[in-house]
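Respectively, the protein sequence lines represent chains B and C.
Going by this note's numbering, the first residue of the first sequence is number 1, and it counts up by one from there.
Going by this note's numbering, the first residue of the second sequence is number 1, and it counts up by one from there.
Keep in mind the hints are simulated off the structure, nothing from the lab.
One should not assume that every hint holds.
Said to hold, decoys possible - Chain B side only, calculated, beta carbon under 10 Å to chain C, not exhaustive:
1) Met-87
2) Arg-131
3) Lys-132
4) Ile-135
To be verified - Chain B stretches covered by chain C per the calculated footprint, using a threshold of three residues with CB under 8 Å from any CB of chain C:
5) 72-79
6) 90-98
7) 109-123
The beta carbon of each residue, even a glycine, is placed where N, CA and C say it ideally should be.
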Amino acid sequence: MTPLRQLPALALFATALFAANPAGAATTTATAMPAWEHLTPAQRDLLVAPIRERWNSSPDERARMYQHAQRWQQMTPEQRSRAHHGMHRWEHMAPQKREEMRALFQKMRAMTPEQRHALRDQWRAMTPEQRKAWIDANPPTPR
Amino acid sequence: MNHSGFDPTCFDDALRQRHATAVAHVSARTQAQLRHRLAASTTAPRHVVRHRMAWVATTACAALFALVVGLQLRPQPTPVPSPATVLVDDSQGDANTAYASLDENPDLYLWLASSDAIALASE
């Protein structure tokens, strides 16, 4: 009888474990690493090491990289969030699709909304060969 | 202390005799009712015990079920990564993101999130 009487208490203990554990795990993850301001210099160096390596190994690209970093900083938080979403889409595109999108972006950014709409309709009606011909005729400028 | 010649033993005997006489005059129907009530009073505890056993068994089953469900749904304990591990893993992800964010024009990424670009990319 005594073990049976202990079961309700064990059940309550199990329920408490189940209820408390996810929160505990989340807390552990959230507190695993501090904000940038609280990182040690060694930790910051470790995090920026890839950028440093890229910067040092690509002298010709430094100006462009710096310009892009400045542009990121100029964006509003909302724009930055959308740009990150676009970057995620970019990462999942095939090289050919990237080339098309880069050419279309550069062409469309100088257009009026009506012209953009017209190009979109035109693009939709094109065959793959016609699209390739359009890309050849409107090559994207270097990044 | 017996001031009036009162004998308690004789008093008790007289009372017992009167009780026996009274019992002998109780009707058969009343005696049957009394026997029934006596039987009922002696069997009641068994019902109570049976109810208690059933309650304990039900509670035990429910508790066991709750315990099993609780233990099954409990997330498996995962080792908490050391700060060094987190830094290495995050730096790989950050490196890829950093390369991508600096390689291309951020406005291209912004445009890719627009309805124009989404429609064109899906063609």
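Item to check | Cβ contact check, 8 Å cutoff: the segment 72-79 of chain B against chain C, three residues minimum | outcome: holds (count 3)
Checklist entry - Would the stated hint for B/Lys-132 survive a check requiring a Cβ distance to chain C of less than 10 Å? => result Where the cut-off is 10 Å and the nearest Cβ of chain C is about 14 Å from B/Lys-132, the hint is violated.
Checklist entry - At a threshold of 10 Å, is the proposed contact between B/Arg-131 and chain C supported by beta-carbon distances? => result Where the cut-off is 10 Å and the nearest Cβ of chain C is about 9 Å from B/Arg-131, the hint holds.
Checklist entry - Is the shortest C-beta separation between B/Ile-135 and chain C less than 10 Å? => result violated, 12 Å
Next on the checklist: So is the segment 90-98 of chain B in contact with chain C by the C-beta rule, three or more residues under 8 Å, or is the coverage claim wrong?
Outcome noted: Held - the segment 90-98 of chain B has 4 residues with a Cβ nearer than 8 Å to chain C, which meets the minimum of three.
Item to check | Per-residue hint verdict: B/Met-87, partner chain C, C-beta under 10 Å | outcome: Since the shortest Cβ distance to chain C is 4 Å, the answer is holds.
Checklist entry - With a Cβ-Cβ cutoff of 8 Å, does the segment 109-123 of chain B contain at least three residues near chain C? => result holds (count 4)
Against the hints set out earlier in the document, violations occur for numbers 3, 4.
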